[in-house]
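Protein chains in written order, with the working numbering: chain D, 1 to 376; chain H, 1 to 270.
Don't read these hints as lab results, they were simulated from the structure.
If you're wondering where the values come from, they're calculated on a predicted model, not measured in any experiment.
You may find that some hints are simply not true.
[Said to hold, decoys possible] Below, computed lysine-lysine pairings styled on DSS-like, alpha-carbon distance capped at 27 Å:
| hint | chain 1 | residue 1 | chain 2 | residue 2 |
| --- | --- | --- | --- | --- |
| 1 | H | Lys225 | D | Lys340 |
| 2 | D | Lys340 | H | Lys29 |
| 3 | D | Lys34 | D | Lys67 |
| 4 | D | Lys46 | D | Lys67 |
| 5 | D | Lys27 | D | Lys67 |
| 6 | D | Lys46 | D | Lys34 |
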Amino acid sequence: MMGPQSTTEAGGTGRRVWAPSGPLTLKTVSDHWKTFQNLLSDPAVKALVVDLSGVEAVDSAGLVLLKGLRDRCAAASIAYELAHVPEPFRPFFVFGGLDRPTHEKPSTTRVGENALERLGRLTMETLQDIGELIEFVGSVTVAFLPCCLHPKRFRLKEVLYYVQRSGSEAMPIVFLVSFLMGLIMAFQAAVQLRQFGANIFVADLVSLALTRELGPLMTAIILAGRSAAAFAAEIGTMKVNEEVDALTVMGFNVTEFLIMPKVNALAFSGPLLTLFANASGIFGGMVVGALGLDLTPASFLTEVVAILSLTDVVSGLAKSLAFSILVAMVGCLRGLQTEKSADSVGRMTTSAVVSSIFLIILADAVFTVLFHVFDI
Amino acid sequence: MGALKPPAEDVMIHAEGLTVGYGERPVLKDVTFTVHAGEIVTVLGGSGCGKSTLLKALIGLIRPLRGSVRIRGACITGSDREAALESIRRHIGVLFQYGALLGSLSIADNVALPLEEFTDLPRSLIADLVHFKLDTVGLADYAHFMPAELSGGMRKRAALARAMALDPEILFCDEPSAGLDPITAAELDELLLECNRALGITMVVITHELASIEAIATRCIMLDKSAQGIIAVGRPEDLKNHSADPRVRAFFHRQPSLMRPEAASVAPEG
């Protein structure tokens, strides 16, 4: 509750005495604030005396109120005076800086961006990101060539470790996703093809779609979710822990030491996983064929072998190789772009997955156009 | 543990007019100093004054905005920066603030890493060297532990063993006592002092721990945030007892009030 207060005018000189009473605390300052706002807005006021003799308690809010009053008086050229400061309050006032002028407060409000500025900033950031990606691809390529001349520099032990992490350990999820995809495609196709007695063409649709398009694509998306995120988080954490700096000052080529094993591992395991995904999807289609379309597994597989050409398989694997390298590079790049905070690791890990998937789709579109142009 | 050989030259590090920062924002301006062979120079100052930024410039992790750094005579800030850095990297070791051990490798593998990468020593000799280095820092029994399994002090000692793996002539340490209890910090200081005295390793130690400064420093370089540069250079006892600069006195006597103007009394009573 606000205590009683009084403002008195002293002898028509424009000198006012403000004498709050009761507590000057968080609960009461807002009412006092209104009082002194009125005082300050009165042009007749030339001097203000704040009489604290009746104040029983002061907390931080009261202190800030008094400081605010002092500073506003100074700004409005009103003489200001504190009177009858109770002795117990003095140490607190000294601690709170009531005895010295307030430093100008730095602005805490961010300067807002308009839509055009935001668009410009995002464009510049995107262009910078693309530039960094191109530079990074260049540095990996430069690091790759000496490794070809000195195979020991491929770090086979690390490559195998990442093959296991990104390849073998991804097999269950790749199987599950591809199997279900083959199953779903076969079911959907069966509904239509059964009407024409063309059940056997389910095998053609499933095998071609998986081998040429969906097998590489789904595998790459799984790799993006698993490996790109893992690489970004691993390298990002190493950056936060100064491990990357330590390797640099020890003279290690970070690209060769940290990046190459991951890129090589994914370049190796990606196409293998794609083959596995193709087989799993075809198996899914075969299950539907056998259980719902009266197709024997043998006739289904015979049709698959008849329809698939080596070009179909190789074009899918070529795509898969490109997607895998892309996923590994984006994951590693995002890791290296991590700043020294845990928050940054999280953001870069997310960015690794999102960027990878975007680039996979983009690359797939490019492949589709190229294959169409070259009639592959 | 290090290389017991006379240093090839007296001036190991020379920074001239060094301005360093992030982006275009300088943290330190126009810093000039020299570190001679065999010295332990501590770079000290309050938090945020640019100690770690200076260290990064000295070891080539960031490129200065202006000025030059010469390590053993090689200019690591000139046009041939990469070649100069390549030439000095075998001669310097860095002990990072939190060790920066590779988390996926055991302590022994961490220490062996530079030996395997930059020497053609046989594996058995590398294993013996690793054992020797770890024994020197008192971690021989922990060779196969992973960094995460060690305490902060042990990680620092293991990182010291790795930093000394290639017998550097200059050792840079970034806040070696940070986060350690006084006894562990003192043990680490003793270890650094031993390496310096026994092997003549020149050291640049970034720290703001007064106990460490007094224990190991032959000379101090004091940085200040508001000055954005060096405000004092000298032996720790001289800076502590004879400096006229209130910022230096405040730091060494742990009395921030020495830096403030006399507190005025509260407004007079009416």
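Proposed proximity, Lys67 of chain D with Lys34 of chain D (alpha carbon, max 27 Å)
Roughly 15 Å separates the two Cα atoms, so the pair holds.
Is the hinted pair Lys225 of chain H and Lys340 of chain D satisfied, with a Cα-Cα distance of at most 27 Å?
Given pair Lys225 of chain H, Lys340 of chain D holds - Cα atoms ~21 Å apart, limit 27 Å.
For Lys46 of chain D and Lys67 of chain D, compute the direct alpha-carbon distance and say whether it is at most 27 Å.
Judged against 27 Å, a Cα distance of about 18 Å means the pair holds.
What's the verdict on Lys46 of chain D and Lys34 of chain D, does the C-alpha distance respect the 27 Å limit or exceed it?
19 Å, holds
Are Lys340 of chain D and Lys29 of chain H close enough, with their CA atoms no more than 27 Å apart?
24 Å, holds
Would you mind confirming whether the straight-line C-alpha gap from Lys27 of chain D to Lys67 of chain D stays at or under 27 Å?
17 Å, holds
In summary, the structure agrees with every hint in the numbered list given earlier.
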